[in-house]
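Each chain, letter by letter, is given below.
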Amino acid sequence: MSGERAPLPLPLEGGAIEIQQSERASASVAAPAMRRPRRAARRASAPAARADLVALQRWFQSVVTDPASVESGVAAQARAQACGIADAADVERIVTPGPQMSALERLHIYHHAYHARLIDCLADDFPVLKHALGERAFQRLAAAVIARRPSRHPNLNHYGANLVAYVTGDEGPVPKRAFAADLARLEWALVEAIHAPSAPALDLATLQAIPAERWAKARFTRSPTLRVLGFAHPVNCYLQEQREGGRPVIPRRAWSATAVYRRGFSVWRMDLTRPMAGLLEALLAGRTLEQALATLERTVPRADRAVVESRVMRWFSEWVAGGFFAAVRA
Amino acid sequence: MPSTQRIKRAAGNRFGLPNLGVGVGLRTTHYAHILGESPAVDWFEVISENHMQTAGRPLHVLDRIAERYPVVMHGVSLSIGSTDRLDREYLRELVALRDRCHAPWVSDHLCWTGVAGTNAHDLLPMPYTREALRHVVARVKSVQDALGAPLFLENPSTYVGFAASTMSEWDFLAELCERSGCGLMLDVNNIYVSSRNHGFAIADYLDGVPWDRVVQFHVSGHADNGTHCVDTHVGPVPDPVWAVFADAWKRSGGASVLLEWDAEIPPFDVVHRDALRCLEFIGRIERRARPQAVGA
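Chains A and B supply the protein sequences, listed in that same order. Residue 1 is where the first sequence starts when you use this note's numbering, and the numbers rise one by one after that. Residue 1 is where the second sequence starts when you use this note's numbering, and the numbers rise one by one after that.
Hint data in this document are derived by calculation from the structure and do not stem from the laboratory. Where is the CB? At the ideal position from N, CA and C, for every residue including glycine. Do not take every clue at face value.
[Said to hold, decoys possible] Now the stretches of chain A that chain B is said to cover, found in silico as 3 or more residues with beta-carbon under 8 angstroms:
1. 88-99
2. 155-169
3. 195-207
Extracted from the complex, chain A is given alone in its bound form (with noise of 0.2 angstroms):
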């Protein structure tokens, strides 16, 4: 059975999904059963090591985000001779050991809980993706956005564009990457929904006073929590039925759009048409509504222009319910 799928019937009532927000908070990533690393040979009281603190704190960090393991951030660093240690084996003279564990076995903690918090905040903001490429690929995938991506940003709520980055450049493998990088844009669109700042929705009050004559001239402006996305594959279909509880198999390529958008504070996924897409993306474009209609006159065929062009109230008195539009000007 091929994945490919009929776009959803139109237009689509996404189904109320409210996104919960990532919980950021103090607490360490708790390490799973160490792995017990080479110990570096002790040498009895070691004189410390002679770094500023600019110099400790590179060396710290290159360390325990060192994409391989601890022992190999230990080695580049010595290599380099970065804080005046020439040798791996002189780490310590820069972290000491505790009373139960060696100082390779210290910075393994922070080791795994730079990844795994990484992962985890990745996990959480495209759980579906995770589904789709499996548990494996899904780490390995993360692995290498935090390697090639470290985090810039104070918030780590910001972290997931790093994959979105990542996924849709050409910055390492990427396992099924079309349709991965459809499926992490869409999943990203949810995110960014969730913080986009709220306006005031435009209200049919609003419209209904606009005088006949000057609906033709009429510019709508965006809703700031709206997000349109053209992708390549039906991957608002295979979010759904993830979502649903299904097993959705990979679909094949197939044009899809899809308004991502919030009513309130619940994110919302309406499927778009053709049509509908080509009408809205001239409108949040800037175009009057004339000149938005006019591109159905482009893109659909002359036989299905009449049906299309009965719809389009219908099209757009939804969008202006699910909060499209935040004004307009006639």
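With chain A fixed as given, assemble chain B onto it according to the hints.
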């Protein structure tokens, strides 16, 4: 739920800040319960960053909760010990959030979270050296200028020590407070965890704390891995941590108490009930301190 009115009268800090009583860390899983049921909890502490750089639901919920309860802000990204420049944009947002929710104080950690533009999103340990002390004192003063108020720093859980350190954590904190004017948000679980990881005596730590600088306590659970403990904030507060709390409470003259529970989070009432166990341990301390009748 037992009343916390009596303990609220005790506040030994020099800043004139109130003892808010017994609070709980605000977590998303409890939003609906808190907004729907308005549970009788004294106050909430929020993770500052969960409500910064967002304009959606997290901020809306914070507004609703701040209308009903005192809210204190606790951050994880100030990176006060980093050798990177202070993030002024972050500070501006922090101040704006403080003003928005009328937080009586703002706290963060004695740590750094990254250098060279990277953020590790972890509370990384400081070497306790004179150089580090000078560095942190200067940065705390800058932050306090931005806040227009004292900053409160939490003693971290740490898993490594540095060979370069020349002073204990408690001496570093005491001198930092003295030279910068900042206060302490004392995490008694972190004292316990670090004592296990470094082998120091808890009494030595408590002897070194400048108690009139302590405005708030954190209590929480941890994972005991045998060779070391990790500050996971999971599970009920274990009795050895409550014992540290009781001793600390007595020495402080009283301060606001906050329970953190950050993973495998149970229903709100379970978390709140565990927080209220502090009353039991405060009671024991007070009974021990009471003069005994002679010849009875």
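Original post:
Hints broken by the structure, by number, lowest first?
Top reply: Hints that this structure does not satisfy do not exist here, as all of them hold.
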